[in-house]
Every structure is written in structure tokens, then in C-alpha cells.
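Let chain A serve as the given structure and place chain B on it in line with the hints.
Listed below are the residues making up each chain.
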Amino acid sequence: MFKIKLSQTTPNPLQLSLECVPGELHALVGPSGSGKTTALRTIAGLNNAETGKIECGGEIWFEANEVKGITTSLSPAQRSCGFLFQQYALFPHLSALENVCIPLYNSVADVTERKVQAQRWLNRMGIGDLAIRMPNQLSGGQQQRVALARALARSPKILLLDEPFSAVDAPTRQGLYKTLAELRKDLNIPILLVTHDLREADLLADRITVIDQGVGLQTAPPQVLFERPRNSRVAELVGINNKFEGVFTEGKLTWSGCNQIFNVVDKGKIPPHTPVAWVIPADGISLDATPSKTAIEAKVEHISSLGQIAVIQLRTLAGNHVITWEASAAEVKRLSLEAGNKSYIEIDGGKIHIMPLRPINDPRRFSN
Amino acid sequence: MDMEALILSLKLAIWTLVLILPFGVWVAHHLQSMGKARSWIEAALALPLVLPPTVLGYYLLVGLGGKSILGIPLVFSFTGILIASLIVNLPFAIQPIQRAFEAINPEIREAAQVSGLSQWQIFRLIELPLAWRGITSAAVLTFAHTLGEFGVILMVGGAIPGETKTVSIAIYDKVQSFDTVGAGALSFILLATSLIAIAISYGVFGRHPSRTKEWRS
Chain A
1 MFKIKLSQTT PNPLQLSLEC VPGELHALVG PSGSGKTTAL RTIAGLNNAE
51 TGKIECGGEI WFEANEVKGI TTSLSPAQRS CGFLFQQYAL FPHLSALENV
101 CIPLYNSVAD VTERKVQAQR WLNRMGIGDL AIRMPNQLSG GQQQRVALAR
151 ALARSPKILL LDEPFSAVDA PTRQGLYKTL AELRKDLNIP ILLVTHDLRE
201 ADLLADRITV IDQGVGLQTA PPQVLFERPR NSRVAELVGI NNKFEGVFTE
251 GKLTWSGCNQ IFNVVDKGKI PPHTPVAWVI PADGISLDAT PSKTAIEAKV
301 EHISSLGQIA VIQLRTLAGN HVITWEASAA EVKRLSLEAG NKSYIEIDGG
351 KIHIMPLRPI NDPRRFSN
Chain B
1001 MDMEALILSL KLAIWTLVLI LPFGVWVAHH LQSMGKARSW IEAALALPLV
1051 LPPTVLGYYL LVGLGGKSIL GIPLVFSFTG ILIASLIVNL PFAIQPIQRA
1101 FEAINPEIRE AAQVSGLSQW QIFRLIELPL AWRGITSAAV LTFAHTLGEF
1151 GVILMVGGAI PGETKTVSIA IYDKVQSFDT VGAGALSFIL LATSLIAIAI
1201 SYGVFGRHPS RTKEWRS
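Just so you know, the sequences run in chain order A and B.
Yeah, the first sequence ends on 368 if you go by the working numbering, and it's all consecutive.
Yeah, the second sequence ends on 1217 if you go by the working numbering, and it's all consecutive.
Next up, chain A with everything else stripped away, as it sits in the complex (with noise of 0.2 Å):
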């Protein structure tokens, strides 16, 4: 079990809790500078937080708190973790095998053993003929497998992944995703990946904790964490294009603006009267070409077709709200979706999230 809980000020601030179980792929992501790459650089040892605990497999890596300051604190050599530096960071005048082989310098005395190791590494990344190769004459994706080999050489407790996959081409990144998730099964270790693409991390990670100006703003799973962001901010970064605001009572939410009232389920948790955000996912929106008793009007502004799918910009007219609607062009051509025609807007009630509506520097949005 991996565990951190860390607290810092300065020079970035960074507030960040969160747990890997072994086997467990957790991603962590936001927008640039929000203080992904510190907080693993920071469980690397290459930086120090003010305070807080890294806990990995029952040993301690760094502790520190506000009366004693520092009391542990590993070199990164002596926390026993695999990192993947985002431009891969090879020693440029070694080979690839020995790249691999300097994680091995102080665990296997005989160079012999030490280069079969490594070869062996090599081998299961699939580039064991580019052994005797310079990083110079190794492509972006074989530079990256020989950094994730020499990462991984050292037996590591934790694999640390800095946005890995962010300067390779698109077919490269399938075959590493393809590496990656075969090694999770074998290697049984906790595997923190660091990334902006949300895709990305919808598609490897088993649970993702959203990260903005240093915050850890929530953690779930994937699917949970699109369908059920946490506040406003949350589905902002997640990309939840369909968010609005509305007032909700005892089960009842007004949407500002017009007079549309949803029946939506909570938890119970939220006084009546409260200004909510809420949001709903694609599959809680249809349309349709005619009016019914709960479809809300609205026009067509801007349909921009992306090939076989296409994205629709309505307008309602009660409140003057976006919604963004995809469908496929059959399902377009079906409903005679035109720029400036009228169109009828269902919202499945049931698909409906409300958020406590908070501002970012609000300290209770960090509670959970």
C-alpha cells in the first residue's frame, strides 16, 4: 500500500492526499501548473514538502510536520521507485543496455549478471535487439521503453509516470498503453501516472484524483468521476461541457433562469434553498424534432460535423442556456438538425448531478 499526505506553501503549494494499492493504476490530473509533476517529484525525493507522510509498502520515505519540521526524509537512491521522466531523461552517452544497467550498479556486483538483467528488461519491452544502440539513434517510443526498462530494472515498491506518453505519436502510444497495461498485471506494484489527457486517464486508470493549483480536488473512479464530479471545478477539468446552475429543495431542482423544474435524487445532504451547479452527462440528453409536455425549446445555433459524429450548440429559448448535444450524422439527418431550426430538448432528470456551488478559494471544498 502506497500512502501520501502532503502540504505545502511554497514555491508551489500543494495540498495532495491520496492511496495506491498494488496492481492499482491512479492517475493524477489537471491542467498545466497545477502541480501534478511536483507532487511526484516531491514522493521521488527530488523535492521536500513542508509537512505530511509518504508511506510506501510499511516504510517510511518522509515525514514532516509543523512543530518538529523534517524527522524522515529518504534520498531518492534509498526510496526504492521507478520513475519515467516525461522527455525519458536516458544517460546519452551509454547504450541502451547501459541505461538499464545503472539502476542495477549497487544491487548486482557482477557486470555480467548486471548486462543480462538488463538485456532481460530490454527483451520484455520488446527492443532487445536495440541493446547496443545509442538514445540518439533510438526512436521516441524505443527511447521511452528503454526509460520505462531502466525504471523498472531497479525492482521498484511504486512506478512513477510522468506524462509518459505526451511526446510520442498517436500509434507509439497505443503500443506503450498495450506495454503498460500488460506490465500492471505482472508487476503487482502501485503505478502512479501523471497526465492532462483525460482520455488518457479514463482509459488506463482504475481511479483518478483531480488535481488544480496544487489542490487534490477529488478522487474516483473514472467512470464515478465524469458522472458525479465532485463541485463545479471538478467538472470544469473534467471537461463536462453541460454544467449550469439552478436552485434545488427537497428533491426539486430549478434551473436559473427558466422556469424548468427536474425531480432529482440526493443524498439528503443539501439544505433546501441551495444554489447547486449541476450537470448531465451526454446519455441524459435526447432530442427531438417535435414538441412534448417536458421537452424544453430550443434553436439550433452551430453544428460542426468531425467526421461520422457531430457536435450540436442549442440555445434554449427559456433562459438563454448552451447545451451541448453529440450524435452521430445518421441521427442528425433523422432529425433534420439544420442551423437555426428549432429542436426539442429532453433532460433525463434521473442522469442529473447537482454540486455544492463553492468558489475555488473556498477551504471547504478540500473536505471531503
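Just so you know, these hints were derived from the structure itself, not from any lab.
Take these hints with a grain of salt, some might be off.
Ranges between beta-carbon positions, derived for each pair [to be verified]: (1) B:ALA1103 <-> A:PRO171: 31 to 37 Å; (2) A:GLY33 <-> B:ARG1099: 26 to 32 Å; (3) B:VAL1062 <-> A:PRO13: 52 to 58 Å; (4) B:LEU1019 <-> A:SER155: 40 to 46 Å; (5) A:SER166 <-> B:GLY1203: 37 to 43 Å; (6) A:SER107 <-> B:ALA1103: 28 to 34 Å; (7) A:PRO171 <-> B:ARG1099: 36 to 42 Å.
For clarity, every value in this text was computed on a predicted model and none was experimentally measured.
C-beta: ideal position from N, C-alpha, C; glycine also.
Frame of chain A, contents of chain B only:
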């Protein structure tokens, strides 16, 4: 030809190289992690580049003459000109090595740290090989510069044959006494030696372009 002066110059250049290179590597490596003092130390180390040789020579003459810091007079002796040579060559030895260390991507060092290497192992296995180009440059510059050093050596050592009369001083002496053939021969040897030293350093870099290209980026 004044073989004695030539041998003395080579002896001085080799001793300077042997003593200054390890020191240069040590200083250049430590300068990276220095805080506010760094600028002052760098300025002090670069002084021999801008100070007139006579000024530097004067201070060395005063510092090394009479009862020097070692308790014995060092002027007009080989030890004296060796100390002068070490001081004069500080910027030539340190700056190329310092630039080479600075050119190493910090992520490379961090990758070595998280690979479990100690600071000494990082220095030996990663930084030193990556700074090799700068170290070779420093060695070539120091060697060639020592062979050709004139003003400071003359101020501190005079021109005692076999003790302080180096090739450059011998050339000056020969020109003064209208021995143009002797001066020409010695000058040619200095020119050829400097050219060979620089060619060797270029050759070293040229042989491993693949191993040197990336560290500079």
C-alpha cells in the same frame, strides 16, 4: 636550439596540467551548487583573463618574494613560476569544465538519483563522462597557454636558464640578441605544438559525435 628552455616549458606545462585539472573539475562541479557567493568566486577566477600580466606578475612577485606564505622565497624558482602558472591558468582550466557541467540536463542527474546512484557514483558514471569534452578543452587550453605564457613568468621567474627560462622567454632573449634563426625555430616548435594539441582535442570530439551531440542541447 635552446632544448633546455623547451624541456623546461614542457615540464611546466605538464605539472600545471596535472595539478590544475583535478582542482578545475572540483571547483567547476562545486560552483553549480553555490548560492550568492558564486558570482564573486567566478569573478575572482576570471581575473587573470583581464588583468595585465605585469600587474598579476607584480602581485605574485610581492606575494611569493621574501618570506612567502610557504615560509621560503619562491620567486626566481621553478616552484614560483609553477604557482604563477597555476594562477594564470585558472580561468582556462575552470571555465570550459564549468560550461560542460552546466550543459548537462538536470533531469539526467535526477534520473541517476532515482536510479539509486550515490552522489559520487553520479559524478563518476554520469557527470564526468558527459563533461569529457569540456575537460579536454580545458586541458588543451591550459597546456597551450602555459607553453606560451610570457609576462607573468618573466616577472616572477626572471630568465634563469634551466630554472625559469621558458621557451617564450628564450625566444624574446634570442630576438633581443638578433638570433632570428634560433627564435624562428623555437617559435615554430611552439606553433606546431599548439596546433597539434588543438587538433588532438578536435579529433577527440570528432570521433564520438553521437556521444556528444545531445548533452549540449
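Status of the hints after comparison with the structure:
1. B:ALA1103 <-> A:PRO171: 31 to 37 Å: 33 Å, holds
2. A:GLY33 <-> B:ARG1099: 26 to 32 Å: 31 Å, holds
3. B:VAL1062 <-> A:PRO13: 52 to 58 Å: This hint holds: roughly 57 Å between Cβ atoms.
4. B:LEU1019 <-> A:SER155: 40 to 46 Å: 44 Å, holds
5. A:SER166 <-> B:GLY1203: 37 to 43 Å: 40 Å, holds
6. A:SER107 <-> B:ALA1103: 28 to 34 Å: 30 Å, holds
7. A:PRO171 <-> B:ARG1099: 36 to 42 Å: 39 Å Cβ-Cβ, so the 36 to 42 Å window holds.
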